[in-house]
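Can you build the whole structure from these sequences, using the hints too?
Under the working numbering, the letters of the sequence shown match residues 696 to 1008, in that order.
Heads up, some of the hints might be wrong.
[What the hints assert, rightly or not] Here are the simulated lysine-lysine pairs, DSSO-like style, with alpha carbons at most 27 Å apart:
hint	residue 1	residue 2
1	Lys-898	Lys-920
2	Lys-806	Lys-832
3	Lys-832	Lys-805
4	Lys-833	Lys-806
5	Lys-833	Lys-747
6	Lys-833	Lys-853
7	Lys-885	Lys-805
8	Lys-832	Lys-920
9	Lys-920	Lys-806
10	Lys-833	Lys-789
11	Lys-898	Lys-885
12	Lys-898	Lys-832
13	Lys-920	Lys-853
14	Lys-833	Lys-920
15	Lys-898	Lys-833
16	Lys-898	Lys-853
[What the hints assert, rightly or not] Computed beta-carbon distance windows for the label pairs:
hint	residue 1	residue 2	range
17	Glu-770	Glu-865	16 to 26 Å
18	Lys-832	Asp-917	36 to 46 Å
19	Ala-796	Asn-850	38 to 48 Å
20	Thr-711	Arg-893	39 to 49 Å
21	Lys-920	Gln-773	29 to 39 Å
22	His-848	Arg-893	16 to 26 Å
23	Asp-867	Ser-1008	32 to 42 Å
24	Ser-1008	Gly-720	34 to 44 Å
25	Gly-908	Lys-747	16 to 26 Å
26	Gly-881	His-771	28 to 38 Å
27	Tyr-956	Pro-830	17 to 27 Å
28	His-771	Lys-747	20 to 30 Å
29	Arg-906	Val-948	14 to 24 Å
30	Arg-893	Gly-720	24 to 34 Å
Simulated from the structure, these hints should not be mistaken for laboratory data. Note that CB positions come from ideal geometry on N, CA and C, so glycine has one too.
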Amino acid sequence: MRDYVYGNTPCFLDATWAVDKNNRGADVLVYGVPWEGGVTWGDYTGVELGPKSMRLASARYSGYLPELDHINVFEHLQLADMGDVDVVPAEIDKTMQRITAFSREIWESKKFPVALGGDHSITYPIIQAWSDTNPDKKIGIIHMDAHYDNMPHFNGDKYARNTPFARLYELDGVRNESLLHVGIHGPRNKPESGRYARDAGAKTLTINDIRAGGELRALANDIYKQASEGTDAVYLSICSDVLDHAFNPGGPVDANGLSSYELLTMIHEFGKLGLCGMDFVEVYPQQDATDFSSHLASTVVLYVLAGHALGQS
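In structure tokens:
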């Protein structure tokens, strides 16, 4: 890790700079998706600044996790930062196409992708790209979030932050019975959202299901088993607000969420069991005076990658 960072934006977790699309032998490809579509609540905005803020915060960290049997992730995996998708402000369809095209190149590389959002709408074009690359295969999705994000549209916008899983229900490459909404909680969900999930065949584990579900590692194994059934790959999508706001000051304000320990323990298990890629979305730097949520992103990614490294060993 470099001792100092002077100006500009560093690569995430000191990854090799590979914006020229030369992966340089990397195992993990990181990219940012600095996109924010329609804002669903007042001036709660700025999520497009998340990728930059997460990269800046990551300059503080190594890959060493003493609490995970002293693993140094960087001894097992080489990271490359591919830069950001060139989104087009106010051009929703064009941006979705660009996210899909960018993601498709990464999926074709057969490396492990880590996408930094951006609002949650980015997950749909990422999975669309996986489906394009694997036309005869099925994917399962572990969606960790306070909210279903499965509304048919938001004021006519089919690609808003609260709609991506409605689009994923419709995607042939997704096995809906292996799409799990995990950690759902709180009154910012719409009454019809649970019904939409049931009608599509998706499964729900609320925050109470997790708390009553017994030992976290065993529960994570059961969740992964359901997500992997009948599929060729499992993808992990994390919205920061699956965490209680006490652990996520730079995320949407939602109480009664997971603790950081609960989230990290579960996603480390998912990594060990075998994921094809992940995204981490909905970090609002302008709402977070300490940038804690941007810093948390490094730990979230490292816990998944530590599991990924162990699962491949």
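Going down the list of hints, with the structure as the test:
no. : hint                           : verdict
1   : Lys-898 - Lys-920              : 13 Å, holds
2   : Lys-806 - Lys-832              : 17 Å, holds
3   : Lys-832 - Lys-805              : 15 Å, holds
4   : Lys-833 - Lys-806              : 18 Å, holds
5   : Lys-833 - Lys-747              : 32 Å, violated
6   : Lys-833 - Lys-853              : 23 Å, holds
7   : Lys-885 - Lys-805              : 37 Å, violated
8   : Lys-832 - Lys-920              : 17 Å, holds
9   : Lys-920 - Lys-806              : 23 Å, holds
10  : Lys-833 - Lys-789              : 26 Å, holds
11  : Lys-898 - Lys-885              : 16 Å, holds
12  : Lys-898 - Lys-832              : 20 Å, holds
13  : Lys-920 - Lys-853              : 31 Å, violated
14  : Lys-833 - Lys-920              : 15 Å, holds
15  : Lys-898 - Lys-833              : 16 Å, holds
16  : Lys-898 - Lys-853              : 22 Å, holds
17  : Glu-770 - Glu-865: 16 to 26 Å  : 42 Å, violated
18  : Lys-832 - Asp-917: 36 to 46 Å  : 23 Å, violated
19  : Ala-796 - Asn-850: 38 to 48 Å  : 26 Å, violated
20  : Thr-711 - Arg-893: 39 to 49 Å  : 44 Å, holds
21  : Lys-920 - Gln-773: 29 to 39 Å  : 30 Å, holds
22  : His-848 - Arg-893: 16 to 26 Å  : 19 Å, holds
23  : Asp-867 - Ser-1008: 32 to 42 Å : 34 Å, holds
24  : Ser-1008 - Gly-720: 34 to 44 Å : 18 Å, violated
25  : Gly-908 - Lys-747: 16 to 26 Å  : 36 Å, violated
26  : Gly-881 - His-771: 28 to 38 Å  : 37 Å, holds
27  : Tyr-956 - Pro-830: 17 to 27 Å  : 40 Å, violated
28  : His-771 - Lys-747: 20 to 30 Å  : 27 Å, holds
29  : Arg-906 - Val-948: 14 to 24 Å  : 20 Å, holds
30  : Arg-893 - Gly-720: 24 to 34 Å  : 45 Å, violated
When the structure is compared with the earlier hints, violations turn up for hints 5, 7, 13, 17, 18, 19, 24, 25, 27, 30 and for no others.
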